[in-house]
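Residue-level listing of the chains:
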Amino acid sequence: MLTRINRDLTMAEAARVAGGGRVDLLLVADMVEPGSKVLDVGCGDGELLRILAERRGVDGRGIELSREGVNECVAKGLAVVQGDADTDLVDYPDDAFDYVILSQTLQATRHPRQVLEHMLRIGRRAIVSFPNFGHWGIRLQIMFVGRMPTTDNLPYSWYDTPNIHFCTIKDFRALCGAVGARMERAIALNAWGRRLRLTAPWWFWNLFGEQAVFLLNRQKATNGRRGNG
Amino acid sequence: MAEANLTILRDAGARAREADSPHSHVVHFGPDKPLQLDAGVELAPFQIAYQTYGTLDAKRANAVLICHALTGDQHVANVHPVTGKPGWWETMVGPGRPIDTERYFVICVNILGGCMGTSGPSSTNPATGKPWGLDFPVTTVRDMVRAQAMLLDHLGIEQLFAVAGGSLGGMQVLQWTASYPQRVFAALPIATGTRHSAQNIAFHEVGRQAVMADPEWRGGRYLLEHANPRRGLAVARMGAHITYLSDAALHRKFGRKFQDRSNPTFSFDADFEVESYLRHQGSSFVERFDANSYLYLTRAMDYFDLAGDYGGVLARAFKDTPTRFCVISFTSDWLFPTSESRAIVHALNAAGARVSFAEITTDKGHDAFLLDEPELFAIVRGFLDAAGKARGLNSRP
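Top line first, the protein sequences correspond to chains R and X. Under my numbering, the first sequence has 236 at position 215, and the numbering climbs by one with no breaks. Under my numbering, the second sequence has 466 at position 85, and the numbering climbs by one with no breaks.
Certain hints may be false.
[As the list claims (entries may be wrong)] Listed below are the simulated BS3-like cross-link pairs for lysine-lysine, each with C-alpha atoms no more than 25 angstroms apart in a straight line: (1) R:K97 with R:K58; (2) X:K511 with X:K414; (3) X:K700 with R:K58; (4) R:K58 with X:K634; (5) X:K466 with X:K700; (6) X:K634 with R:K97; (7) X:K414 with X:K770.
Read the hints as simulated data drawn from the structure, not as lab findings. Here the structure is a predicted model, which is why all the values come from computation and not from measurement.
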């Protein structure tokens, strides 16, 4: 119960902080076809749903763990329910949405693999954005400081963080392979929110990308070709 | 003593008058328009009493139906004709309020089986010219909603912009969306559930037994015999009232404080403030409520099991629903805990419905939906604003 309360308090904060300048939200929004039906898992204060509704005419729904976030969203007129990505996605029927989005929340879930599998079951496509733990700044901190890294975007101490499952871009690609997700598009952003060159090799993305956004579908994997992101 | 008796008669008289000719709009449905009841009988003729606030717009699109709870009535936002107190939801309904009577045409119907002008056990049975008493057929939530739909037909309102209500009112909201999905654009079930739990049935049974154990109940014939089971109904209300609050709220409000004394009297007087409060709740309730109505309405709640009507699968009750929902629960509500609301949300998700769900943090218990809860108001306002935009309602009719 205690851990649950702690997570309640920190999840929305985490999404806000980890989102940094929220460039990722615009990138995510760009990946969504206008007029589609979208579920935003861990929707925080509803900023992405608002952008999607305004820019893409999307029929959006949200799930958010924190009570404050949910109430803020509902008061804005967004269709958001209080719930937990780890436990509540199971209640959604197959193919209920065109897109299921997990924006800066993957690392805070207890069972990232199951969450991703449910996303691909509920939606025809899944969009996942996450902070890349393989970024050089983080690698350097571990190498030279010898402690768990903290950055502007990831300010939590290891013992008090909602982010319990960090991964690198390479790790995430491996997970996609494991769950049979096909990568339709991928984008990596550097520390200044600029896109890395598409032609750059994956190791370069993994080292210099601070954030990553993946558009996935559930067709069997053709291992990791980046689309016209 | 003579004075006390006079009070009883006056109360009974005022209530009796409200039962047949209330201070409300009344629509009479003749023998040609019977109400089909779940009990398998027809009720005809019968009448419906209701209040309205605001103006119906030209497209008849801005009607909001408020469904009242067990001991509420249609006087949502006006002075109560029997008690002289303000309407029971004036914080929510009125000009500039979240359910804004300057934007919406608000209707509240006295519930079927009630005692404020819609046919119920204290109404006059047209066949005998005497109060129905226990001859009134046992009614269900579905019957209540069916009666309300007949009123809307009479008023020429095809689709409600919204239906809102808490507790038993919330049950009616859910029943509305299941029975008449095309007639409800937006639904606000608050502090409610899709079925009455065993614990809730148990509490109701205690209340009913308290009423029936009062010798003045006279086997339900008290109106004919000019009696009134005041004590039984008051005890029922006292017990029920505890379930509407929470341990924390009672503690905050009363603690172990003594009432007008500094020491215990070593008697069974109302030494504690909380005792005095409950006694007041009980005695003021009987002034405005009919004991048999209490039996009928608690029974209707007990019988409510929405999933049961759909083969035990709640999602089927909402299959292909076009209605947008906003489900609201309160953290300290132990009568209709958040888990009940979650069950509604799960079913709505499974049915692909457009649903919002918020749990509001409060220590005020089940009754929080009737109280000053700014977060509740913000959510209701935001939800209705967005729904109004989607429905194409003007900001002013």
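Structure-based check of each hint:
Taken as a hint, the K97 of chain R and K58 of chain R pair is honoured in the structure, with Cα atoms around 19 angstroms apart against an allowance of 25 angstroms. Restraint check: the Cα-Cα separation between K511 of chain X and K414 of chain X comes to about 22 angstroms, which is no more than 25 angstroms; the hinted pair holds. Taking the CA atoms of K700 of chain X and K58 of chain R, the gap is near 18 angstroms; set against the 25 angstroms cutoff, the hint holds. With a CA separation close to 47 angstroms, the supplied pair K58 of chain R and K634 of chain X exceeds the 25 angstroms bound.
Between K466 of chain X and K700 of chain X the alpha-carbon distance is near 42 angstroms, which puts this suggested pair outside the 25 angstroms criterion. Taking the CA atoms of K634 of chain X and K97 of chain R, the gap is near 33 angstroms; set against the 25 angstroms cutoff, the hint is violated. Pair hint K414 of chain X plus K770 of chain X does not hold up; C-alpha atoms about 36 angstroms apart against a cutoff of 25 angstroms.
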